[in-house]
Amino acid sequence: MQRPSNYDLTREQMEGAFVRYDQGEMIRKFHLRQTSEHLFITFIGEDYRIGRRTGKVERLPSGGGAPVPAGFNESMTLFDVLCSSKPDCRLSGEYMTVTNLPGIANIAAPGTGTYAETARLFAGRPGVLRRACEALGGVPQRVGDVSSLIPLFDFMPVMVQFWDADEEFDAVLKIMWDRNTLDFMHFETTFYAAGHLLRRLKEYS
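Just remember that the working numbering sits 473 ahead of the position in the sequence shown, which is counted from 1.
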């Protein structure tokens, strides 16, 4: 029998913790759809349900069919936002890199290699990235060759910015966060959310 990974153990711990939080407060704060068995939330263009008694997170396929167990990045992002966001969290409308968020200092840019890998995937294909952003509900912006304000959640967007490669420079992709992001989630959770966002963009490549 295969032993559970550290990721599995961490997720199971959070499932157990989730059911002890005030779900009524989550529903009020984020206007969540609900039944007696589940809470429902949209994350990067896909619908999820969370068991109110089990804490299990499942993705609901857009074409119907059986719910799919959510991955680690998805689950941990949802748990953190729903359980640990500040009571009065509000967006500022000002966007910056995650290392420039208030209270963050002397930390290297997260996921640099992953961002570079995704940038290379779309190098010379800005139209493909533009369509991927649109498929995720993004609203076009005016920075770089492609930029889009994509709903991470219905109540919280992030901005993707892309500069295509040329004769001198490699392609560059950035994820820009609202100044008040850390009112919604912990710093380490931005890694989970960004990782899932990049995976979703790649699905359209």
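By construction, these hints were calculated from the structure, which means they are not laboratory data. It is possible that some hints are incorrect.
[Said to hold, decoys possible] Pairwise CB distance ranges, derived in the manner of DEER restraints:
#1 Lys559 with Glu676: 29 to 39 Å
#2 Thr572 with Val616: 13 to 23 Å
#3 Arg501 with Arg593: 37 to 47 Å
#4 Glu510 with Leu594: 16 to 26 Å
#5 Gly544 with Gly617: 44 to 54 Å
#6 Thr527 with Ser478: 18 to 28 Å
#7 Thr587 with Asn479: 17 to 27 Å
Note that this is a predicted model, so its numbers are computed, not measured. Beta carbons are placed, not taken as given, at the ideal position from N, Cα and C, and that holds for glycine.
To see whether the hints hold, each was checked on the structure:
For Lys559 and Glu676, the Cβ-Cβ distance of about 32 Å falls inside the hinted range of 29 to 39 Å, so the restraint holds. For Thr572 and Val616, the hinted distance range of 13 to 23 Å is satisfied, since their beta carbons lie about 18 Å from each other. Checked against the hint of 37 to 47 Å, the pair Arg501 and Arg593 passes, with Cβ atoms roughly 43 Å apart. For Glu510 and Leu594, the hinted distance range of 16 to 26 Å is not satisfied, since their beta carbons lie about 39 Å from each other.
Distance hint for Gly544 and Gly617: a CB-CB separation of about 29 Å, inconsistent with the stated range 44 to 54 Å. Roughly 20 Å separates the CB atoms of Thr527 and Ser478, a value that falls within the hinted 18 to 28 Å. Take Thr587 and Asn479: their Cβ atoms lie about 20 Å apart, and the range 17 to 27 Å holds.
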